[in-house]
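S.K.: Sequence:
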Amino acid sequence: MTILLPEGWERPKGYSNGISVRGQHIYVAGQVGWDQNGKFAEGFGGQFRQIIENTLAILKAGGAGPEHIVRMTWYITDLEAYRASLSDIGAVYRELIGANYPTMAAVQVAGLVEPEALIEIETTAVIPD
Numbered sequence: 014m015t016i017l018l019p020e021g022w023e024r025p026k027g028y029s030n031g032i033s034v035r036g037q038h039i040y041v042a043g044q045v046g047w048d049q050n051g052k053f054a055e056g057f058g059g060q061f062r063q064i065i066e067n068t069l070a071i072l073k074a075g076g077a078g079p080e081h082i083v084r085m086t087w088y089i090t091d092l093e094a095y096r097a098s099l100s101d102i103g104a105v106y107r108e109l110i111g112a113n114y115p116t117m118a119a120v121q122v123a124g125l126v127e128p129e130a131l132i133e134i135e136t137t138a139v140i141p142d
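Per the numbering used here, the sequence shown starts with residue 14, numbered consecutively.
Take these hints with a grain of salt, some might be off.
Stated by the list, open to error - List time: in silico SDA-like cross-link candidates among lysine to any residue, alpha-carbon distance up to 20 Å:
#1 52 / 100
#2 26 / 16
#3 26 / 87
#4 26 / 98
#5 73 / 135
#6 26 / 113
#7 73 / 41
#8 73 / 140
#9 26 / 102
#10 73 / 137
#11 26 / 86
#12 26 / 99
#13 73 / 92
#14 73 / 141
#15 73 / 83
#16 73 / 38
#17 73 / 105
Claimed, not checked - Simulated restraints, written as ranges between beta carbons of each label pair:
#18 101 / 142: 31 to 41 Å
#19 125 / 74: 18 to 28 Å
#20 74 / 107: 34 to 44 Å
#21 123 / 36: 29 to 39 Å
None of these hints come from the bench; they were simulated from the model. No residue lacks a Cβ here, since even glycine has one placed at the ideal position from N, Cα and C.
Given the sequences, and given the hints that come with them, work out the whole structure.
M.R.: Below, the structure is given as structure tokens:
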């Protein structure tokens, strides 16, 4: 994996502008903050933790880990709740994903298919050749 950072650009905090990879691709469908029994975690931070745990379980089933994540797209129903939870999100991210900073996009949406969902995240991972 090669992080793409144009000459003279400052490195962004918490994500990468671009990544170049070769290998086996794993696409993880949008995950919401519920467990394997369909029970939602409490609050934005709780749902975020559950989403990352779900994502990592799916990646593990494909032979990948957090270090293989190259892209995440976050769909957020409440940007103020997201901003208020940034310190919790950062702590969970560092604990479960570590120092891997994939490309990311975060988008506020009017709602998600599951009414209790506060956030949904799609993930792409690549296991290098």
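S.K.: All hints are to be evaluated individually against the structure, with a verdict given for each.
M.R.: Against the structure, the hints come out as follows:
1. As the CA atoms of residue 52 and residue 100 are separated by approximately 24 Å, the hinted pair breaks the 20 Å bound.
2. For the hint pairing residue 26 with residue 16, the CA-to-CA distance comes to about 13 Å; that is within 20 Å, so the pair holds.
3. The suggested pairing of residue 26 with residue 87 holds, with an alpha-carbon distance near 16 Å, which does not exceed 20 Å.
4. Annotation: proposed proximity of residue 26 to residue 98 holds, straight-line Cα distance about 16 Å (limit 20 Å).
5. Among the hinted pairs, residue 73 with residue 135 is consistent with the structure: their alpha-carbon atoms are about 16 Å apart, no more than 20 Å.
6. Distance restraint check for residue 26 and residue 113: the Cα-Cα separation of roughly 11 Å lies within the 20 Å cut-off, and the hinted pair is therefore satisfied.
7. Simply put, residue 73 and residue 41 have alpha-carbon atoms about 11 Å apart, close enough for the 20 Å limit, and the pair holds.
8. Proposed proximity of residue 73 and residue 140 is supported: the alpha carbons are some 11 Å apart, at most 20 Å.
9. Taking the CA atoms of residue 26 and residue 102, the gap is near 14 Å; set against the 20 Å cutoff, the hint holds.
10. Of the pairs offered as hints, the one joining residue 73 and residue 137 holds, with about 13 Å between alpha carbons and a cut-off of 20 Å not exceeded.
11. A threshold of 20 Å between alpha carbons decides the hint, and for residue 26 with residue 86 the separation of about 16 Å falls inside it, so the pair holds.
12. Distance hint between residue 26 and residue 99 is fulfilled; the C-alpha atoms sit about 13 Å from each other, no more than 20 Å.
13. A C-alpha spacing of about 30 Å is found between residue 73 and residue 92, which places the hinted pair above 20 Å, so the restraint is violated.
14. For the hint linking residue 73 to residue 141, the alpha-carbon distance of about 15 Å falls within 20 Å, and the restraint holds.
15. Using a Cα cut-off of 20 Å, the hinted pair residue 73 and residue 83 holds, with the two alpha carbons roughly 15 Å apart.
16. Note on residue 73 and residue 38: the hinted pairing holds, with a Cα-Cα distance of about 13 Å set against a maximum of 20 Å.
17. A C-alpha spacing of about 18 Å is found between residue 73 and residue 105, which places the hinted pair at or below 20 Å, so the restraint holds.
18. Separated by about 36 Å at the C-beta atoms, residue 101 and residue 142 satisfy the suggested range of 31 to 41 Å.
19. Here the CB-CB span from residue 125 to residue 74 is close to 24 Å, well matched to the stated 18 to 28 Å.
20. Hint check: residue 74 to residue 107, Cβ distance near 23 Å, so the stated range 34 to 44 Å is violated.
21. Between residue 123 and residue 36 the Cβ separation comes to about 36 Å, which falls inside the hinted range of 29 to 39 Å.
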